[in-house]
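There are 2 protein chains.
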Amino acid sequence: MTVTETSAERVLRIGEVARGAGVSVRAVRYYEQQGLLTAERSPSGQRLYRQDAVTLVRFFQQMYAAGLTSQRIAELLPCWDSGHTDAEQRAMLRAERDRIQAKVDDLQAALDRLDEVIGITDTHP
Amino acid sequence: MTVTETSAERVLRIGEVARGAGVSVRAVRYYEQQGLLTAERSPSGQRLYRQDAVTLVRFFQQMYAAGLTSQRIAELLPCWDSGHTDAEQRAMLRAERDRIQAKVDDLQAALDRLDEVIGITDTHP
DNA sequence: CTAAAACCTGACGCTGACGTCAGGGGCAAG
DNA sequence: CTTGCCCCTGACGTCAGCGTCAGGTTTTAG
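Top line first, the protein sequences correspond to chains G and L.
81 is the number that full-length UniProt numbering gives to position 81 of the first sequence; each next residue is one higher, with no gaps.
9 is the number that full-length UniProt numbering gives to position 9 of the second sequence; each next residue is one higher, with no gaps.
Simulated from the structure, these hints should not be mistaken for laboratory data.
The beta-carbon is built from N, C-alpha and C at its ideal position, and this holds for glycine as well.
Hints may be right or wrong, so weigh each one.
[Claimed, not checked] Label pairs and their in silico Cβ distance ranges:
1) G/GLN61 <-> L/ARG10: 48 to 58 Å
2) L/SER82 <-> G/TYR30: 37 to 47 Å
3) G/GLN51 <-> L/GLY67: 32 to 42 Å
All chains, please: the whole structure from these sequences, using the hints.
Written as structure tokens, this is what we have:
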């Protein structure tokens, strides 16, 4: 479609999004399947993304790394792009926050156990 | 075996170890299967553990929580009960340490993202 | 125009620490 | 003796985030 693209209307195809965010194409499709990411479709059926899709995918990765499930991320997504939260969402947010904090403490304790045997007891890098 | 137990020779059965460490009986058997835990056997085939098995299982849980696999834990166990490490073990220890540290940083970043939308921007509890 | 590269939709495979069910002993109390 | 609880050994099931293969269409480079 040779519409004189006004330079601001650039769209991304799935491969570009994937490479941009450092994940696989399969992963991006998976996110859509989980209701995290929506895409326009070209007449031939190919997915077309806006540039912020890359940022979004990176955000998903961050949440996954923090132990959130696809479902949780989907439930909490509106909190970011609407800036508003209801009671249920607040509860989930706090629950996740506490869980992650606990995990940080656990990891820190594990680190201490490792350092203990390594001998790198230099207090702070 | 009615050997006059000198009060120091107390042994534990698998259920006691499991409850003591807060894991399932299945988990304790799994640790043995992975070469993490060895047990004597009663004449009837039941596993008999020493008291420190509970501590050991708790330690496994801590390492699992830190993202180590059974194999890694098995490879690094000698470092603790022998107090000695060879070059390969030191490399693994440092690698795991770095990985965990990176994970801590990731979690911290995720926490910040959550707090950002929660509004609990109180610097430190 | 043609070949390569990229995209599409299923759909099965993988990993790791267990859960769980099946089928069968053993051992103390009442 | 029998009731009940704990133990045993397989061995299949689970879950979540993808990997990967199959078979086919579309877009792009030359």
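Supplied distance hint 37 to 47 Å, evaluated on CB atoms of L/SER82 and G/TYR30: At 45 Å between Cβs, range holds.
Range agreement (Cβ of L/GLY67 with Cβ of G/GLN51, hint 32 to 42 Å): 33 Å, holds
Pairwise beta carbon distance, G/GLN61 to L/ARG10, judged against the given window 48 to 58 Å: Given about 49 Å between the Cβ atoms, the range holds.
In summary, the structure agrees with every hint in the numbered list given earlier.
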